[in-house]
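Going line by line, the protein sequences match chains C and B.
With the first letter of the first sequence counted as 1, position 196 gets the number 196 in the working numbering; the numbers rise by one all the way through.
With the first letter of the second sequence counted as 1, position 235 gets the number 235 in the working numbering; the numbers rise by one all the way through.
If you are wondering where the hints come from, they were derived from the structure by calculation, not from laboratory data.
Any given hint might turn out to be false.
Claimed, not checked - Part of the chain B face toward chain C, derived, beta carbon under 8 angstroms:
{"no.": "1", "residue": "Ser-83"}
{"no.": "2", "residue": "Glu-125"}
{"no.": "3", "residue": "Asp-128"}
{"no.": "4", "residue": "Glu-131"}
{"no.": "5", "residue": "Gly-134"}
{"no.": "6", "residue": "Thr-135"}
Fair warning: this is a prediction, and the values are worked out from it, not measured in the lab.
In this text, a Cβ means the ideal position worked out from N, Cα and C, and glycines have one as well.
So you can see what is in the structure, the chains are spelled out below.
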Amino acid sequence: MNKENAITPVFPVGKGKEDVVIRIKDLKKRFGDNHVLNGFNMELYQGENLVIMGKSGSGKTVMIKCLVGLMQPDSGSIEVMGKDITKLDRKALDLLRADIGFLFQGSALYDSMTVRENLEFPLRRHKERFRDRADTETLVLEALKSVGLSHTTELMPAELSGGMKRRVALARTLIMNPRIILYDEPTSGLDPITAKEIIELMRIIQARYRTSALIITHDVDCARVISDRMILLVDGINYAEGTYRELQRSADPQVKAFFK
Amino acid sequence: MYGIKGISGKVAGFFRLSGELSYFAGRYFTEVWKPPFEIRELLHQCYNVGNRSFPLVGITGFIIGLVLTLQTRPTLQEFGAVSWMPAMVGISIVREIGPVVIALICAGRVASGIGAELGSMRVTEQIDAMEVSGTNPFKFLVVTRITATTLMVPVLVIIGDVLALYGSFLIEHLKGNVSFQLYFNQVFDSLEFSDLIPATVKTFFFGFAIGLVGCFKGYYCTKGTVGVGTAANTAVVAASMLIFILDFIAVLISDIFYEL
Numbered sequence: 001m002n003k004e005n006a007i008t009p010v011f012p013v014g015k016g017k018e019d020v021v022i023r024i025k026d027l028k029k030r031f032g033d034n035h036v037l038n039g040f041n042m043e044l045y046q047g048e049n050l051v052i053m054g055k056s057g058s059g060k061t062v063m064i065k066c067l068v069g070l071m072q073p074d075s076g077s078i079e080v081m082g083k084d085i086t087k088l089d090r091k092a093l094d095l096l097r098a099d100i101g102f103l104f105q106g107s108a109l110y111d112s113m114t115v116r117e118n119l120e121f122p123l124r125r126h127k128e129r130f131r132d133r134a135d136t137e138t139l140v141l142e143a144l145k146s147v148g149l150s151h152t153t154e155l156m157p158a159e160l161s162g163g164m165k166r167r168v169a170l171a172r173t174l175i176m177n178p179r180i181i182l183y184d185e186p187t188s189g190l191d192p193i194t195a196k197e198i199i200e201l202m203r204i205i206q207a208r209y210r211t212s213a214l215i216i217t218h219d220v221d222c223a224r225v226i227s228d229r230m231i232l233l234v235d236g237i238n239y240a241e242g243t244y245r246e247l248q249r250s251a252d253p254q255v256k257a258f259f260k
Numbered sequence: 001m002y003g004i005k006g007i008s009g010k011v012a013g014f015f016r017l018s019g020e021l022s023y024f025a026g027r028y029f030t031e032v033w034k035p036p037f038e039i040r041e042l043l044h045q046c047y048n049v050g051n052r053s054f055p056l057v058g059i060t061g062f063i064i065g066l067v068l069t070l071q072t073r074p075t076l077q078e079f080g081a082v083s084w085m086p087a088m089v090g091i092s093i094v095r096e097i098g099p100v101v102i103a104l105i106c107a108g109r110v111a112s113g114i115g116a117e118l119g120s121m122r123v124t125e126q127i128d129a130m131e132v133s134g135t136n137p138f139k140f141l142v143v144t145r146i147t148a149t150t151l152m153v154p155v156l157v158i159i160g161d162v163l164a165l166y167g168s169f170l171i172e173h174l175k176g177n178v179s180f181q182l183y184f185n186q187v188f189d190s191l192e193f194s195d196l197i198p199a200t201v202k203t204f205f206f207g208f209a210i211g212l213v214g215c216f217k218g219y220y221c222t223k224g225t226v227g228v229g230t231a232a233n234t235a236v237v238a239a240s241m242l243i244f245i246l247d248f249i250a251v252l253i254s255d256i257f258y259e260l
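Sequences are here, hints too, so could you generate the full structure?
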């Protein structure tokens with residue numbers, strides 16, 4: 001279970017160091033005696049879909065929360081588009097966050113707002129960013145249309161199914177026209193058919209908006225369909241790294257356990 | 001040995017909680033002056049706190065007036081002092097019973113509501129989603145709610161006082177055939193600015209305490225749905241205790257002024 005056992009990382013074809021949009025170096029985070037991240041390293045390249053898999057409690061969600069400044073790491077650096085987010089002030093961090101979409105595990109739609117208000121909410125703080133784009137109404141309808149839910153504008157989140165909530169949350173992410181999208185368990189809690197629809201939607205979005213995506217998931221099917229590259233996170237370190245096929249063929253018992 | 005440890009732990013816990021609550025209050029006073037000012041959300045919260053609490057406060061105030069008069073009348077009759085009834089009821093309602101009882105009702109209705117709402121937003125990651133979208137959730141959720149309760153509780157107390165006095169008048173009118181003009185002339189003759197000002201000023205503090213405790217408990221809610229219930233419950237208990245402590249301090253201070 002140490003780093004020596006790990007599979008040699010695969011450097012994505014056609015991508016150089018100048019294309020890195022997220023670079024995490026030696027990230028450490030602990031809660032009391034519980035060491036969650038023990039020197040995690042990662043690079044996400046422009047246009048790439050990177051899947052991070054790991055058991056529950058392996059530090060995936062903590063890592064992604066450190067990545068958007070929701071948690072402060074104990075040590076290590078997190079560079080997003082060349083800026084170390086651990087050193088940014090609130091204003092600069094908010095500006096940077098406009099370029100990062102985040103799809104939460106439970107969708108995290110605002111219960112007290114309609115679908116339209118949910119989508120309008122992120123636009124409030126970034127009006128200058130959309131000066132040259134269409135008015136709010138058009139942006140909302142455009143984003144909802146891209147997830148196939150343009151008829152739901154006046155519905156409340158409680159009136160939506162689990163799959164619809166996930167789609168609306170994705171639309172809320174897309175409305176900001178982000179360069180990077182972070183997905184935290186995008187298919188968890190969904191039935192297999194809806195999960196497939198969400199995965200397909202993620203693929204379409206990636207092709208249409210040319211985003212880079214960091215996807216945290218347990219779902220092997222999701223990883224197979226969507227990933228360009230994968231990292232297995234075990235005990236807070238990147239235990240193994242490679243394409244889906246490479247990891248699937250691995251003889252390492254820890255890696256094999258994920259693909260059973 | 002265990003007993004001493006247990007007690008010292010509880011004392012330490014109390015001081016830690018007091019420190020955290022003071023820090024939370026300090027953060028409110030730092031953020032409340034900074035733009036952007038969430039005026040729309042503030043008005044929405046004022047409507048929530050004021051309009052939705054109005055029926056409960058109105059009915060309770062009215063019944064307090066009825067009951068207080070019905071209970072006191074026989075004793076005053078015994079001493080031939082029924083004519084003191086308007087003055088006695090007026091002073092007791094305006095100075096003490098009205099502010100404290102209405103504030104306690106608001107603690108039950110509003111502090112628990114805020115605690116549960118923010119708690120549920122915390123555990124479903126809605127507060128994190130707000131943060132990631134570039135909106136300061138403390139400003140949007142906490143500052144607006146505390147300001148709304150600080151402004152609306154005094155208004156509710158005034159409404160409650162008026163209805164309590166009207167309830168008292170009804171009993172006096174039915175039992176002693178006292179006219180509306182005579183009753184309220186006696187009430188206002190007995191009241192001085194030194195009764196009204198401290199009684200009104202302390203209601204702003206009661207409102208602040210209700211909002212502060214409700215927001216504090218909800219904003220830092222943990223442990224899922226159980227935590228939401230605990231946040232709502234402890235918000236009511238802590239807000240009620242704070243109201244009594246603040247009332248005691250207010251009475252002490254106004255007594256000093258009376259003596260001067």
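| Non-conforming hints, listed in increasing numerical order | Going through the list in order, the structure violates hint 1 alone and respects the others.
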